[in-house]
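Q: Okay, here's what each chain looks like letter by letter:
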Amino acid sequence: MYQLRYLCDGTLEGLLTAVFVAFRQHECPTNIVIDEATQASLFDSDVPIITDLALAERVRDGIIGKLGASAYQKVKECFLAEDPSRGGTILRYLRYTMRGGHRSLGHLAAPAVAEAEAIIQRVSTEAHAMIQFARFADVGSGLFYSHIRPRASVVPLIMGHFAARFNVQPFIIHDSRHQLSGVFDTERWWLVEGLPQALSLPTVEEDKFQELWRCFYQTIAIPERRNPVVQRGFMSKRFWGDMCEQRLHYQRRGDEV
Amino acid sequence: MELIEKLGILADSAKYDVACTSCGVERQAVKGQLGSTSTSGICHSFSADGRCVSLLKVLYSNACSYDCAYCVNRRSNDTPRATFTPQELAELTIGFYRRNYIEGLFLSSGVLGTPDRTTELMCEAIRLLRQEYGFRGYIHAKAIPGTSDELLVRLGVLVDRLSLNIEFPSAQSLSVFAPEKAAHHILPPMRFVRDGIKANYQDKRLSAVRRTRFVPAGQSTQMVIGASPESDYQILRLSAELYRKLEMQRVFFSAYIPVNDDPLLAGVREAPLLREHRLYQADWLMRFYQFDVDEIIDAEHPFLDPLIDPKANWALNHMEQFPVEVNKADYELLLRVPGIGVRGAKRILVARRERRLDFDDLRRLNITLKRARLFVTCKGQMDAGVLFDPLTIHKSLTESARRRLRRQDDGQLSLFEGEAADSATAGNLPMGDSASGAVGGADSAAAIVTAAAATTAAAATTADRAAGTATVAAAAATADRAAGTATVAAAAATADRAAGTATVAAKASPVHPATLPFSARFAPVPSFADSDALACIN
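Chains as they are written, first to last, in this note's numbering: chain A, 1 to 257; chain B, 258 to 795.
A hint or two may mislead.
Stated by the list, open to error - Distance ranges between label pairs, derived from CB positions:
1) B:ASP615 x A:HIS102: 23 to 29 Å
2) A:GLU224 x B:LEU521: 18 to 24 Å
3) B:ARG501 x A:HIS102: 35 to 41 Å
4) B:ASP551 x A:GLN121: 54 to 60 Å
5) B:ASN623 x A:GLY142: 42 to 48 Å
Unchecked claim - Sample of chain A residues at the chain B side, in silico, Cβ under 10 Å:
6) PRO48
7) PHE79
8) ARG103
9) GLU206
10) ALA221
Stated by the list, open to error - Which bits of chain B does chain A cover? Going by a derived footprint, with three or more residues having C-beta under 8 Å, they are:
11) 292-299
12) 333-341
13) 346-359
14) 526-536
15) 599-611
Hints were generated in silico from the structure; no laboratory data involved. Quick caveat, the model's predicted, so the values are computed rather than measured. Don't be surprised by glycine CBs; every beta carbon is placed ideally from N, CA and C.
Hey, can you work out the whole structure from these sequences and the hints?
A: Spelled out as structure tokens, the structure:
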């Protein structure tokens, strides 16, 4: 079946431009393709969208003006998901809520809203998991480094938390899955593609603290209450590879990256 | 001694303390200082026992001069002893915090000589962390029973949360198991802390920021479950009082794990984890679901049902309130539906302003329908395939629990041998009635009442109460059907009892089977109202 799709350049601005085009042309593309790698189908009609910052800003201001800053935040969070159909979801969400106004944000049972809320829920859960489970290591000269592999590109969502809390130490949070790093220099934070600099090995001090933490972590569990099912329920095994208290366990399985 | 060795010893000694929450206070970060706190708390890891690791939970010292029967650190135990220095503790906390391992510090201690001296040492360690290191993360300190009020104030302004362990659900148990601690060492300081927290808000001269200076995240307490003979009824009544009168933020339960070979505790073989779980469920109902303690448990059924959670249990006993129409019911009633939680109820309220909800809409709202569909209607209709019948519902709700019990007991038949019935669960059957609970371990003729049969009795009771018109014969018939494997005689007997025509008087005292060896010592457990633990709370 013939399907109309928009292709954008993978940026939030590109997505917002595509939203603008869809509204202006009165078109309903089934998806706005954000990731370049998505395979084109033979029968689809793909329209490439050229990112226009001015249009993107108009859309952003329109959303904030009509629905408030929290709605724009929701669009951004949805954009950070990995779901290949999220572009279409955002478009349908905006079509519905821009027509219905502020109250329609609470129409949680409406398919257009429910679909977007489900994605947003997953993204914020993932962001919270990173706030819980990201581990920093001292890599010399006072710099702390954290390696994460979240299932949504959540670095922009967690930098604020860490920058406030750890404002006395420069740090880098490196998301190798999405090739994105957040850098904080004790004054402000910004995003960088890939890893911004070569890192030295963890310091002796670092090894000492990791050893102490492993000791604490293993001691604190009560053998009589062992319950791996509950443990995994709260802390999925996919995070364990980057958590130093689990690393021994991980190396035994030979899954180290 | 190496630091890692100390940490091992002092974490090992602290691991039985339950509280590891970092919630209750929002403290924004400040430029140039390390740390912040968040109201909901953050769990940074989960240990192999599934418990949250949020704080660096250690004792300041485990060289305790007390000799409490239930405690690993008792004076007479031959365990390695260690004591931190304030610097070691501060550097450990800061080092872990900077690596995002923890939200802060949980500091308790064995009694080093006197309570006052111990508290002074703890104060010094925490002061160093707060003032010299500028640490703004979370700190939870244990107050040592018997500490003077001046020292409590000193400690209270340094920490976020203070807790005093009430240790046992009644003063009698406390005096038996922890002879050096007394109720008058525990409850007055709790009242003192409560009044101090209240004064935070009353002192108008303090700025808004400084107003919550004394123990801003409130106080909590914990008690050991299963070492002493108190019933769930007594425990929950006590925690309700603690919430209401002492304004506790949390009351923690800790299933007693046999760590000592004390003759006092010879009867406890394994930790009553399921019982602890049910108590926490009941605790949640009181704190977040607007349940009153009397709705959850009563003196006639003093133990929570191991087969079914307390919320579903309440629903089954109040079938006249169900099914609930999701499009009309108010928030309080929605919260009473098994399967609908605080978040779900709020989402329903928001979503139904736009449209009348059906079951597909509920699924879109992320409501777990597995249980909720048995108790709600949408636009006046039950979900397809749901039969609104108390017995059927009871059966489907307890199915997995019964299967689990059967697995534990290694085959269904063994359920019928009073001995084999799991000690931690058979004795807990509250809904059968107090008799079946007590005799489960008491080896009387009724001991053959099995978990299944007791459940049946429960179901029959429910059916009876709900329908109001069920005849004895009908109840017997349904009981029979539900039990499936119970003998006709047994089922008839239980159904009979449920129908109120029982000749067997249910007068046995409600004693938890795990603690039966104490029954001589404790003779009839005094009713809660007599317990002087309660009398002390004002």
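Q: Examine the segment 599-611 of chain B for residues whose CB is less than 8 Å from any CB of chain A, and state whether their number is three or more.
A: holds (count 6)
Q: Given the hint of 18 to 24 Å, check if GLU224 (chain A) and LEU521 (chain B) actually sit that far apart at their C-beta atoms.
A: holds (19 Å)
Q: Between the segment 292-299 of chain B and chain A, see if three or more residues pass the 8 Å beta-carbon test, and mark the coverage as holds or violated.
A: holds (count 3)
Q: Just to be sure I understand the hint, the distance between the Cβ atoms of ASP551 (chain B) and GLN121 (chain A) should be within 54 to 60 Å; is that true here?
A: Between ASP551 (chain B) and GLN121 (chain A), where Cβ atoms are some 37 Å apart, the hint is violated.
Q: I want to verify a distance hint. Is the separation of the beta carbons of ASP615 (chain B) and HIS102 (chain A) within 23 to 29 Å?
A: Given about 25 Å between the Cβ atoms, the range holds.
Q: Mind taking a look at whether chain A covers the segment 526-536 of chain B? Criterion is 3 or more residues with CB to CB distance under 8 Å.
A: holds (count 3)
Q: Can you verify the interface hint for GLU206 (chain A): is its Cβ closer than 10 Å to any Cβ in chain B?
A: With a minimum Cβ separation of about 8 Å from chain B (threshold 10 Å), the hint on GLU206 (chain A) holds.
Q: Is 35 to 41 Å a correct range for the gap between the Cβ atoms of ARG501 (chain B) and HIS102 (chain A)?
A: holds (40 Å)
Q: Quick one, is the ARG103 (chain A) hint okay against chain B at 10 Å, beta carbons?
A: holds (8 Å)
Q: Confirm or reject the coverage of the segment 346-359 of chain B by chain A under the rule of 3 or more residues with a beta carbon closer than 8 Å to the chain's beta carbons.
A: holds (count 7)
Q: With a cut-off of 10 Å, does the beta carbon of ALA221 (chain A) approach a beta carbon of chain B closely enough for the hint to hold?
A: At about 4 Å, which falls below the 10 Å cut-off, the nearest Cβ of chain B leaves the hint on ALA221 (chain A) intact, so it holds.
Q: Does the Cβ-Cβ separation between ASN623 (chain B) and GLY142 (chain A) fall within 42 to 48 Å?
A: Roughly 44 Å apart at Cβ, these two residues keep to the hinted range, so it holds.
Hint violations for this structure: numbers 4, 6, 7 and 12, all remaining hints satisfied.
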